[in-house]
Amino acid sequence: MLREEPGPLPDFMRVCVCLRQVPDPRARLELRTDGTGLREDGVAWVTDEGDECALEEALRLVRQTGGEVCALTAGPGRAAETLRRALALGAQRALHLRGELPLDPSRVADLLAAVLRREAWDVVITGAQSSDLGWGLTGSSLAAGLGWPHVWLVVGIETEGDSKDTRLRITRELEGRRRELSRVRLPAVLCVQTGLHPPRMPRIRDLLAAKNTPIETLALDDLLSDSHGEEARPAVELVALSAPTASSGGEQLGGDPATAARELVRRLRRDGILPETT
Amino acid sequence: MSGKSWAVWLAPDVEVSATAASRMMASLRMAQSAAAVRGGNVEVVLAEAPRPDGTRHPTRVPAWAKECLGDSVVSRFSRLEHPLLALRTPGATATVLAAAVEHTDGVHTLCLGHDYEAVDLCGLLGRRLGAAAITAVNEIRGGAGDLRVIRPVHGGRFLAELRVPGDAMLVLTVPRSVAASSRQPAQIADENRCEVETLEVEASLFRSLPDREVLAIEESGSPPELATAERIVAVGRGLGGPEHLGLARQLATALGAEIAGSRPVVDSGWLPADRQVGSSGQTVNPTLYVALGISGAAQHLEGMSGSRCVVAINRDPEAPIFRSARYGIVGDLHAVVPALIAALVEDQGEPT
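Chains as they are written, first to last, in this note's numbering: chain A, 40 to 317; chain B, 34 to 385.
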């Protein structure tokens with residue numbers, strides 16, 4: 040099989056981390072009464088956990104090789120908070136694609152590709168799957184748009200070789216606790232699985248300092264018209280969000296904890312799940 | 034709309050596990066739904082690398098595939114063979130599948146069983162074929178002009194109804210729960226009922242494809258203890274912190290259960306990786322599965338859906354785990370679990 044050898048790793052790595060701001064997955068989320076989406080009043084917005092892990096890997100990679108981390112986010116004004124946090128954690132640059140983010144990850148990838156093409160990058164890192172929509176497609180769509188290789192579910196990033204011939208060795212998670220080791224040529228898109236390294240926490244001092252770091256801002260609408268040159272793809276639109284109907288069989292045991300617990304034990308024995316007492 | 038609705042099956046390296054088989058059945062169910070909604074025939078495309086000795090696969094339905102087909106009505110079973118499929122990288126596989134779609138008239142839907150390979154293919158094929166790419170699809174409905182696709186969002190807490198133009202090509206990944214919720218196949222397919230062919234396509238990497246080179250696949254060394262456990266107490270992030278693991282262990286001891294956890298718990302280092310249940314961890318089939326503070330994300334449910342009886346204890350009444358549970362207790366697990374331990378002990382102590 041003919042294939043190009045991976046190129047040398049540059050002395051100065053230019054890494055872009057794509058971050059998504061999501062409703063705090065640990066908070067209670069409520070639907071709007073018309074069923075068209077989430078109620079946004081009172082929602083706490085946080086950086087997606089997978090993307091925080093991606094930022095952590097980007098910072099570690101650049102510390103190893105030398106270079107620069109640029110944090111990139113797309114979304115309305117509030118998403119700037121995600122960038123300030125990234126700056127406080129050590130990103131050197133921040134880029135905000137400001138506007139309403141499309142639902143379809145293929146469209147999001149078009150927008151990201153449109154902006155990433157304006158500069159030279161060595162690696163683009165992002166989370167494998169966001170906690171809100173969780174399509175898991177942004178990385179592969181982006182890589183396809185840029186014509187780069189990509190790896191999804193990355194659980195290990197290592198550089199190998201010397202400064203003249205260095206590549207990335209990537210460990211990726213498969214199912215059933217199997218792992219795949221591969222060698223990737225740059226530039227590439229890496230989609231990081233959670234749990235690789237615990238993401239660092241920003242210090243208050245750095246958060247305050249980040250407020251003074253300029254954020255480069257581009258209007259999403261301008262990019263949308265730019266990226267319309269791409270081949271036309273069908274529009275995927277959200278019609279409604281709903282709570283799933285309860286499935287059959289589920290029985291809620293009420294009362295105070297002691298009553299509920301006794302009821303549970305009685306039922307488990309009745310059902311033959313736990314042995315009868317002798 | 035007439036045309037073809039494809040269930041695409043990727044031939045596994047070794048044997049076909051029960052999990053892989055249920056994913057293939059799920060993709061077939063969805064291909065059938067798509068044909069019902071959009072018209073046309075259902076076809077299965079089995080994509081595989083050539084045999085190591087270079088001989089061709091015979092033009093017939095393999096025995097394992099007959100079991101997956103069951104009594105489904107399929108108009109054609111195609112064996113798509115190409116050397117690029119041996120690379121097992123998404124770029125190479127997508128190149129071959131895209132060539133197969135372009136080679137065939139009227140394919141309107143491609144359904145892949147949802148797994149780590151299929152999600153990558155979905156994104157790449159969507160772009161190459163100018164198709165709408167949608168992962169983890171539960172349902173497709175509507176008519177030719179007004180197509181609706183349903184998928185879970187926010188960790189399974191809500192379902193999103195998506196509108197797609199009626200004439201769009203769709204590339205979907207389908208979780209195996211779609212097969213489990215439908216009728217199980219009652220019989221093994223009679224291959225005389227469908228046309229069987231070998232599908233040959235021209236595809237090469239030279240056109241556009243920068244890919245990666247797979248060096249090795251590593252199996253995890255430790256034995257899957259959880260896989261054979263009769264009872265499991267599993268903890269999620271709702272436990273609050275590793276300092277509360279003692280409480281979960283007390284319950285496990287009282288029940289004679291193994292302790293396990295969800296991915297966030299393992300990621301946070303509360304439990305070692307060999308204790309993780311879910312699609313990226315272990316698949317378990319216990320008689321009793323007690324989920325403490327686990328919300329029930331799809332990846333977790335994938336690993337525990339074989340449990341006979343699921344008990345969920347969670348503070349959030351809307352946690353998706355309750356929909357998979359036979360019994361649920363809404364409440365603070367720090368109050369409920371001690372009460373449960375007391376009830377088990379008290380029950381042991383009092384002769385009936």
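Careful: at least some of the hints might be erroneous.
Okay, the calculated bits of chain A under chain B, using three or more residues with CB under 8 Å as the criterion [claimed, not checked]:
{"hint": "1", "region": "95-109"}
{"hint": "2", "region": "120-131"}
{"hint": "3", "region": "188-197"}
{"hint": "4", "region": "222-236"}
These aren't lab readings, by the way, just hints derived from the structure by calculation. The C-beta atom is built at its ideal place from N, Cα and C for all residues, glycine as well.
Status of each hint after checking the structure:
Check on the region 95-109 of chain A: 0 of its residues sit with their Cβ under 8 Å from a Cβ of chain B, so the three-residue criterion for coverage is violated. Only residues whose beta carbon comes within less than 8 Å of a beta carbon in chain B count, and the region 120-131 of chain A has 0; fewer than three means the coverage is violated. By the rule of at least three residues with a Cβ nearer than 8 Å to a Cβ of chain B, the coverage given for the region 188-197 of chain A holds, with 5 such residues. Note: the region 222-236 of chain A has 7 residues with beta-carbon separation from chain B under 8 Å; the three-residue rule is met and the coverage holds.
Checked against the numbered hints given earlier, the structure breaks hints 1 and 2 and satisfies all the rest.
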